[in-house]
Structure formats: structure tokens, C-alpha cells
Amino acid sequence: MTEPVRPQIHLHDTLTGAKTPLETLEPGRCGVYCCGPTVYGLTHLGNLRAAVVPDVMVRFLRQQGLDVKYVRNITDIDDKIIKRSAEEGMPAQDLADKYAEEYHRDLADMNMLEPDVEPRVSGHLAEIVDLVGRLVNKGLAYAVDGDVYYRVKEFASYGKLSKRTLEEMLEGAGSRIEVDERKETPLDFALWKAAKPGEPAWESPWGPGRPGWHIECSAMSSTHLGQTFDIHTGGRDLIFPHHENEIAQSQGAHGDGTFARYWVHNGFINFDGEKMSKSLGNFFTTREITALYDPETVRYFLLTVHYRSGLNFELEVPCPACGAVLLKAAQEAGRCPACGAEHDDEALKRSVRFPGLEEAEDRLAYVYGTLAQARTFLDSAKRPGADEPPLEHTAGLLESFTGHMANDFNTGGALGALSKPLNEVNGLLAGGKGVSKPVRWATLSSFAADMGQVASILGCFDQEPAAWLARRRDAKAKRIGLDTGRVDELLVARRAARQAKDWGEADRLRDELTTLGVAVQDGPQGSTWDFL
RNA sequence: GGCGGCAUAGCCAAGAGGCUAAGGCGACGGUCUGCAAAACCGUUAUCCCCGGUUCGAGUCCGGGUGCCGCCUCCA
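According to our numbering, the residues represented by the first sequence are 11 to 542, in order.
Do not rely on the hints blindly, as some may be mistaken.
Pair by pair, the computed Cβ-Cβ distance ranges are [to be verified]:
1. G514 <-> E398: 43 to 49 Å
2. A510 <-> S466: 48 to 54 Å
3. A477 <-> P365: 24 to 30 Å
4. F293 <-> D104: 22 to 28 Å
5. G395 <-> A477: 29 to 35 Å
6. S446 <-> G514: 40 to 46 Å
7. F250 <-> D484: 43 to 49 Å
8. I490 <-> G395: 30 to 36 Å
9. R481 <-> E522: 21 to 27 Å
10. F293 <-> P218: 31 to 37 Å
Since the hints were derived computationally from the structure, they do not count as laboratory data. Given the structure is predicted, the values throughout are model-derived calculations rather than measurements. Here a beta-carbon is modelled for each residue, glycine too, at the ideal position from N, C-alpha and C.
Start from the sequences and build out the full structure, keeping to the hints where you can.
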């Protein structure tokens with residue numbers, strides 16, 4: 011294994027809009043706060059991306075030797091939860107607990123680290139009330155009829171994160187949202203909301219009520235990371251108003267220069283170029299995707315693009331009856347123009363294909379296949395007496411990979427850096443003429459060891475290769491409706507034909523396999539197969 | 001309307017002012033193979049347009065054009 015590589019880490023900070031060197035508050039330590047989900051439904055791909063970005067960041071920072079404290083909250087008191095609980099006839103807290111559990115399940119499937127602390131709003135009412143009181147005492151907030159609002163115009167730098175001024179925002183406000191007459195300024199936002207009859211409520215100096223949407227993150231981050239900490243992450247859409255308001259609350263209470271030192275925001279997920287959005291109804295839950303694809307495939311796919319960019323999911327919707335690709339209009343009409351069959355959204359969602367995920371899965375299979383072969387070689391070959399350095403690309407793998415990761419967690423570039431070593435190793439495994447045994451051994455063992463490092467940073471490629479390949483085969487066979495028993499029969503028959511050198515019959519059997527969607531691979535150790 | 005972001009090959013996508021502009025998919029040619037497949041090797045871009053700064057710009061600045069997002073719940 012190569013020596014650890016420790017380049018200077020740079021990250022893009024939303025506040026300054028620039029890439030800057032990461033200098034933590036305390037040398038060697040790093041506090042990370044991730045805005046977790048409001049738990050009122052199953053997680054969707056957007057939640058996944060918002061989770062995998064800090065996940066890889068934390069993994070990398072730790073691999074670089076930093077002592078990271080990773081805090082990711084769960085918002086379990088919220089208007090949307092209350093609304094949903096009324097719809098489902100389930101107490102709000104039970105509903106929140108249920109979906110928090112589902113969230114954990116999805117993230118565990120995705121091989122996400124558990125945070126060191128996962129605070130919930132319901133466990134931090136005292137801290138929240140305390141913080142609101144502090145803002146009221148400082149004149150930064152005012153109470154009206156049991157509500158408490160933040161006095162936005164008293165916070166001089168309001169708008170600095172979203173790069174807007176108060177004036178600009180006031181111009182737009184009012185035209186789009188109903189203005190609450192009791193607020194001093196339309197932009198003032200709720201820190202505390204008085205309870206209406208039947209709503210969950212907690213006691214406070216302003217009467218029974220619940221926290222507003224933004225205050226919980228200010229309270230929980232300072233509780234678990236201190237008034238000032240290093241990195242705050244979340245989706246781009248949280249910049250305004252959520253994070254802007256967090257800054258106003260936290261710095262209002264604790265002073266300028268406190269709170270998050272770096273802001274990291276991930277881009278959106280799009281479907282066919284359109285923003286995934288609950289209100290547009292074009293969102294997929296994690297479960298809907300993992301019913302079709304391996305979670306690691308999804309994780310890998312999320313990492314193929316830089317986290318700040320948008321990530322597009324191409325969709326292909328075949329007619330469940332005849333397989334004809336349905337265009338948007340046909341999808342919406344719920345009727346196949348080719349065969350006339352009618353389908354509801356659920357049926358279409360079950361048959362949908364994601365070309366991007368399929369490509370990701372194939373790539374993963376390539377990497378695992380390489381890893382499996384390298385493993386087989388190392389297990390069977392004897393370690394040579396002489397020590398030689400590995401081949402060039404493999405020798406440089408970790409340095410190149412780490413360099414990309416240190417450059418604002420560029421997973422796309424980092425993944426690209428694996429290609430040359432992968433080619434080199436496969437070349438060796440396929441023949442490697444002219445390469446001495448010691449060099450071959452050194453290269454393969456260096457590759458295997460360094461890929462272990464890569465795997466621990468990405469949270470990909472870290473499964474047993476043979477097992478992963480077997481599971482992928484089963485899952486894909488199921489997805490495309492392949493009868494693997496039939497494949498095995500044909501393979502046996504073909505082996506006999508090949509042994510008899512009956513090439514005509516062997517080719518006929520191969521054609522039959524091809525129509526099933528199977529590609530045969532003949533090798534020295536017999537024939538294997540893969541998907542076309 | 002205000003503000004922000006993006007524009008790199010057929011498609012996707014890295015490029016933190018300076019060697020021949022990563023990588024993936026696809027396509028084409030080759031090695032291997034009974035023929036294939038897989039794997040490997042090779043080919044496939046001067047970076048939306050115009051102007052500027054600089055010894056030097058895909059990278060910085062200004063002006064266009066075109067997409068996208070935020071300004072309302074959203075990851």
C-alpha cells in the first residue's frame with residue numbers, strides 16, 4: 011500500500027462564493043453539521059444526495075487524519091408533520107418516529123455512516139426556548155399573540171448568504187405571499203408558533219406552542235458543536251430562507267463571527283432535465299429506486315458528478331405491456347399509443363428504466379470484476395522474493411485520487427482517476443506479457459490495498475466482490491425477467507457442443523442466449539455469461 | 001422584475017491562469033478468440049459568441065446569447 015497522501019484540502023464556501031483552503035477552528039479537529047430531513051414521508055433521491063455529500067466529506071476528512079464530529083439532525087416537529095399526521099390519523103410524534111426509522115433504513119442500505127450525534131427537535135425544546143428568549147431580550151425578536159418573530163431589519167447582514175439585500179427582498183415580498191399584518195416587516199420569520207387547538211405544544215414564556223422551522227438548527231448545532239463550528243451542509247434550496255435565517259438567529263444570539271465557518275451546498279437532482287420536486291409530482295422515493303437497482307449503484311451514481319452540479323436522471327418509460335418507449339404525453343395520458351394498453355402511474359414507475367443507473371451498475375461490475383480477479387490472483391500466486399515497485403498508474407492511484415478529493419470533494423474527478431489503474435491491472439490480469447512476476451505481484455497487491463482506501467472514502471467498492479457480482483446478477487435477472495435456470499441449461503448444452511467442436515450448434519445456442527439478453531464469455535476455464 | 005449559477009467531443013463529465021484539455025458511455029480500427037463476448041491497445045474536442053487583462057486563459061474581467069435555479073414548502 012502506498013503512503014498516505016495529505017494534500018491541502020480546499021472547499022467551496024457558499025458565503026464567499028469561492029474555493030478556499032479548509033482551516034479548521036481547532037487544528038486536527040472538524041465539526042460538521044448536516045441539515046437532515048423533516049420526517050414526514052419516505053426519503054427521496056434528493057434526501058439521499060444531501061446525505062451522501064457530507065457522508066463522503068466526513069469519510070475523507072477522517073481518512074486525512076482529522077478528528078471529525080459529525081452531527082446530522084432530524085426535524086421531528088414541523089407543520090408538514092402535523093398536517094400529515096392529521097391525514098394519516100396518527101399522532102404527530104409517532105409519525106415522525108416512523109419516518110425517522112424509514113430514513114435510517116434507507117441510509118443504512120446506502121452504506122452511510124451514522125452521525126456521531128443525531129439530535130431531534132423534540133429533545134431540544136429547552137435549548138430552543140432559551141435561544142428564542144435570548145433573541146427577544148436582545149431586541150432581535152418580538153412576541154405577538156403567542157407567536158415570536160425575528161426582527162429581520164435589526165440584523166445588519168441579513169441576506170449575505172443568499173446574496174440579496176433586505177430592500178431587494180422586500181420588493182418581491184408581498185406580491186407572492188400573504189403578509190401577516192401582525193409582523194413588523196413581511197420578511198420577519200417565526201421563531202415560535204402559538205399552538206392552535208389540537209396541535210402538539212410545548213410550554214414557553216410566550217404561551218404553549220412549537221418552534222418555528224429554522225430555530226432548531228441554530229439551537230442544536232450550538233448545543234452539539236458549539237457556537238462556532240467548521241462546516242454546515244445542506245441542499246442548495248436551503249440557502250434561502252433556512253440557512254439565511256439560521257445565520258440571523260445564531261449570530262444574532264452569539265455575535266458576529268460565530269456559527270458555521272464554511273457553507274457547503276449540494277445541487278439538485280433533476281429528472282429529464284426538470285427539477286425533482288414534490289409539488290411537480292415527479293419525484294422518486296428511495297424505495298422505488300432500490301426496488302429496481304442495488305443501493306450501491308445509486309450511491310455510485312450520485313458520486314459520478316461533482317456535488318455542486320445538478321444531477322440528471324434520464325428516464326425511459328417502456329410500456330409495461332408491449333415495451334414501446336412512452337413519451338411524456340403518453341405517460342401522462344396513461345395510454346400506450348403503440349398497443350393501446352392503459353397504465354396508471356404506479357405501473358409505469360415499476361417498469362421505468364434509468365439508463366444512468368444502468369451505466370453506473372455496469373461500471374461497478376467492472377470494478378468489482380477487476381477486484382475479484384486481482385484477489386484470485388493474489389490468493390493463488392506466491393509472493394515473490396524480490397520487491398519491485400508497482401506499475402506507474404497503479405503506483406499513482408492514491409495520490410491522484412486523493413488530489414481530486416482534496417479539491418472540493420471532487421468525486422467525479424476522483425472516480426475518473428481510477429480508470430488508468432483499472433486498465434493497467436486488467437491488462438496484467440489478461441496477459442501482461444513482458445511484465446515480471448515481482449512487478450505483477452506488486453502492482454496487484456498495491457491496487458487491492460489502495461482500492462481498500464478508496465472504498466472507505468467513497469463507501470463504494472467495499473463489499474466482497476464475488477458476493478456483490480452474484481447479487482447484482484440475481485437482481486438484474488429479476489429486473490429484466492431473465493430465467494437464469496434456462497441460461498444454465500443452454501450453457502451446459504453449449505459446452506457439450508463446443509467440446510464436440512460442433513460450432514454450428516454452439517453458435518445457435520449462443521444466439522438463443524443472446525435473444526434472452528445474455529452474452530456468453532468463453533474463457534480458458536470454461537464459459538461464463540453476463541448481460542448484454 | 002430582482003438575485004445567483006451554468007455553458008467543455010455524438011451523449012455524460014473533470015479541469016484550484018502555464019507540460020500534448022481527465023475519465024465514462026457510444027462509434028470506428030486492432031490484439032485475443034473456432035467465430036464472438038469480456039479484457040486490453042489505438043482513433044474520436046482548442047472549450048457558446050464578441051471584446052479585454054496577461055509573456056500565457058477553458059480557467060480572470062466586461063458585454064452578448066442560451067439554459068437552470070432561488071425570491072413560497074422543498075435536499
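Hint check results:
no.	hint	in the structure
1	G514 <-> E398: 43 to 49 Å	holds (48 Å)
2	A510 <-> S466: 48 to 54 Å	holds (50 Å)
3	A477 <-> P365: 24 to 30 Å	holds (26 Å)
4	F293 <-> D104: 22 to 28 Å	holds (24 Å)
5	G395 <-> A477: 29 to 35 Å	holds (33 Å)
6	S446 <-> G514: 40 to 46 Å	holds (43 Å)
7	F250 <-> D484: 43 to 49 Å	holds (46 Å)
8	I490 <-> G395: 30 to 36 Å	violated (49 Å)
9	R481 <-> E522: 21 to 27 Å	holds (26 Å)
10	F293 <-> P218: 31 to 37 Å	holds (35 Å)
Consistency note: the structure conflicts with earlier hint 8 alone.
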